[in-house]
Amino acid sequence: MTLLDFARGPALKVAISVFCLAVTWRIVAFVLLRIRGDLNRPRASVPASLARGLLTIGTRSWPHPEFIARTGAGEALGYSYHLGLFALVLLFTPHILFLGSLVGITWPGLPSGVITIISVITLTLLLAVLFRRVTNPVMRMLSNFDDYFSWFVTLLVIVTGLATTAHFGAPYQRLLGLHILSFDLLLIWFPFGKLMHAFYIFPSRAINGALLARKGAPS
Amino acid sequence: MSDSAPLPVANLSPAQSMAPADRVAGAMSGFAKELGALSAFRLESCIHCGICADACHYYIATEDPQYTPIWKVEPFKAAYKREASAFAPLYRLFGFKHQVTADQLEQWQHLLFDSCNMCGRCSLICPIGIDVAALIEQGRHAMFDAGLAPRELYEKAAHQRATGQPEASAEPYREQLLAIGSRFQVEIPLDKDEAEIMLCLPRTDIEHYPSAVAALARVMQHLRVSCTFRSDGLVAENYGYYAGGKDWQRQISRRLIDQAIACKAKILLVPECGHAYAALRWEAAELYGAPLPFKVLQVTEFLAAQLQAGRLKLGKAATGATTFQDPCESARKGGVNEAPRQLMKAMGVDLHEMENHGGFSFCCGGGGGVIDIERAAPLRYRTLESKLREVDETQASTFLTSCSDCRRTFDDAQAHFKWDKTPQSLLELVAANLVSTTGPA
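Read top to bottom, the protein sequences are chains Z and B.
Its first residue numbered 164, the first sequence is counted upward by one per residue in the working numbering.
Its first residue numbered 22, the second sequence is counted upward by one per residue in the working numbering.
In short, the hints are calculated from the structure, not lab data.
Worth double-checking, as some hints may not be accurate.
Non-contacting residues of chain Z with respect to chain B, defined by C-beta distances greater than 12 Å in every case (computed) [claimed, not checked]:
| id | residue |
| --- | --- |
| 1 | 175 |
| 2 | 179 |
| 3 | 247 |
| 4 | 259 |
| 5 | 260 |
| 6 | 269 |
| 7 | 283 |
| 8 | 286 |
| 9 | 335 |
| 10 | 356 |
| 11 | 375 |
What the simulated footprint calls covered on chain Z by chain B, stretch by stretch (three residues with Cβ under 8 Å from a Cβ of chain B suffice, anywhere in the stretch; the number is not a length) [what the hints assert, rightly or not]:
| id | segment |
| --- | --- |
| 12 | 198–204 |
| 13 | 225–238 |
| 14 | 288–301 |
| 15 | 306–312 |
| 16 | 315–322 |
Cβ coordinates follow ideal geometry from the N, Cα and C atoms, glycine included.
With the hints as constraints, model all of the structure from the sequences given.
This is how it looks when you write it as structure tokens:
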């Protein structure tokens, strides 16, 4: 069995299984804890609170005007590399074909030259994010293994992807195998660390927005 | 934490003496008691972006990273991940999170109490949408159970729980209230068997601002509404809420709830006191264990409703350029934003808003019981500097608020900084500008 066969065969199956089971368990674990109602008389109706919660998913995507001066640049940096990641995952033709084999539909992709440019930009942004994390005293204090390892596995997928498309340093098959293996690693790590925020972010914003709306408070 | 100033040792009363192991056990069980799906979700969702620091006046004033709001619950976040999260066994196996120690908890007293007003501004900035302030409140509960509430808050909460007053006074508050009625020549409705509205008071007003007490009585008299104070439920503040003693908070709230039920009140009117409003409006029913059989209204929202219904008319107030301090607990966390502005508009007040106002206003620095913590004063003054600058930048000559603790904090700032502004009560301004209505109340 070649490295590529292993990476996209048993390793990928194990990675997807771990991902699905662990993500499910991490979410089910919340539900097993108590979910409390609130006996205090609400100021807003349930539909109005829910609507505000849904709205908060969008509005919290960018800081309130009162905060922009202090946080706008940092948030822009964060969102920028996320956009790069989305473009790489969703708009590179080989990825589309892989995802298409899972979901049954495909869509047009971007030319590989454009993808390469996006990869380089995203890589640069990821390095900037790391630089910020280690130089900003607040972020440095808050950071732990999870932050650095999650950053590392994300970076690894992009680096191996770039090397694969550029046929850099090794035969294509081996590079592709390494790229898929790095993706397998990301899938396995995903449920155990902060990458889970991909599942949490929208419900979290919605819940906070709805609870604040219940009080008539700004969100 | 090398970028941070060293944390001071815990400030405790002798009654809070406890073995280190018991402190840790108390904190963990205190935190676990409240650990529901929502708080677990909040703890899990943090991506360590540190953006919450940029909403916090303690961080902004000092640039000391330890004042980052989410860091203030770090021991509890670690304990949750180690003991109760989905992969807790893995955290323990690989030693990703160490067990919380009594020393760490003692140090955290400064972060959870001295340097946090529980103002909730951090909950509005988090890009993930985590209600950081709610976690900090839970952290305070755990600290209380570990015997680590600051001495001043602990002692006041204990006194209030036992007597109804946070501190002994030369004259009981009931007598002081009646004396205020005589001095300001206003009727004090007291201990009526039945009333539509039950009134209560910030003890800060009784002790420092009797004119605000008289203003409340005068406005209610003017409106000719059926209302009463109750001797056994006079004090609006809840030091159990500040100290983090949830059971004590419940007992202190219960005193007011029982009195409101006894006089068959339909409304419990909370005076100009931000945290009293939060404790009664948004937490009391939960602690009581059932929906309250009456409404809880903050005095400005009650008066704004009277205004809208045509039962209250106000004359023009000659205040000149005026600015307004929104109390965090009633405005940002409680939703009372429009009512004070409606009252000011009705009086023709020339309102010059601060750069950060309404739900985004910076805290006065005294909230969350911080004004009562002696050793917190130097840090509090540091955070106040930018707030006073914001007030000055409005070029207002009149400075209003609707919270007695804000008022007391700014009064203190006036003395400390030789500041030229005197905070005034919005309620007192309303009382001074009442216009007779011809219709029935």
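Coverage assertion for the segment 288–301 of chain Z with respect to chain B, Cβ distance below 8 Å, three residues required: holds (count 3)
Nearest-CB test (12 Å) between chain B and residue 335 of chain Z: holds, 35 Å
Residue 283 of chain Z and chain B, when compared Cβ to Cβ, separated by more than 12 Å: The assertion about residue 283 of chain Z holds, with a minimum of 24 Å to chain B.
8 Å C-beta test of the segment 306–312 of chain Z against chain B, three or more residues: holds (count 5)
Assertion that residue 286 of chain Z lies farther than 12 Å from chain B (Cβ): holds, 20 Å
12 Å cut-off, C-beta based - residue 356 of chain Z kept clear of every residue in chain B: Violated: least Cβ distance 10 Å, not greater than 12 Å.
Given as non-interface: residue 175 of chain Z, partner chain B, CB spacing beyond 12 Å: holds, 22 Å
Cβ separation check - residue 260 of chain Z to all of chain B, threshold 12 Å: With a cut-off of 12 Å, residue 260 of chain Z remains clear of chain B, as the shortest Cβ separation is near 31 Å.
Given as non-interface: residue 179 of chain Z, partner chain B, CB spacing beyond 12 Å: holds, 19 Å
Outside-interface status for residue 247 of chain Z - nearest CB in chain B farther than 12 Å: Holds, since 17 Å exceeds 12 Å.
8 Å C-beta test of the segment 315–322 of chain Z against chain B, three or more residues: violated (count 0)
Exclusion check [residue 375 of chain Z not at the chain B interface, CB over 12 Å]: Violated: least Cβ distance 8 Å, not greater than 12 Å.
When the structure is compared with the earlier hints, violations turn up for hints 10, 11, 16 and for no others.
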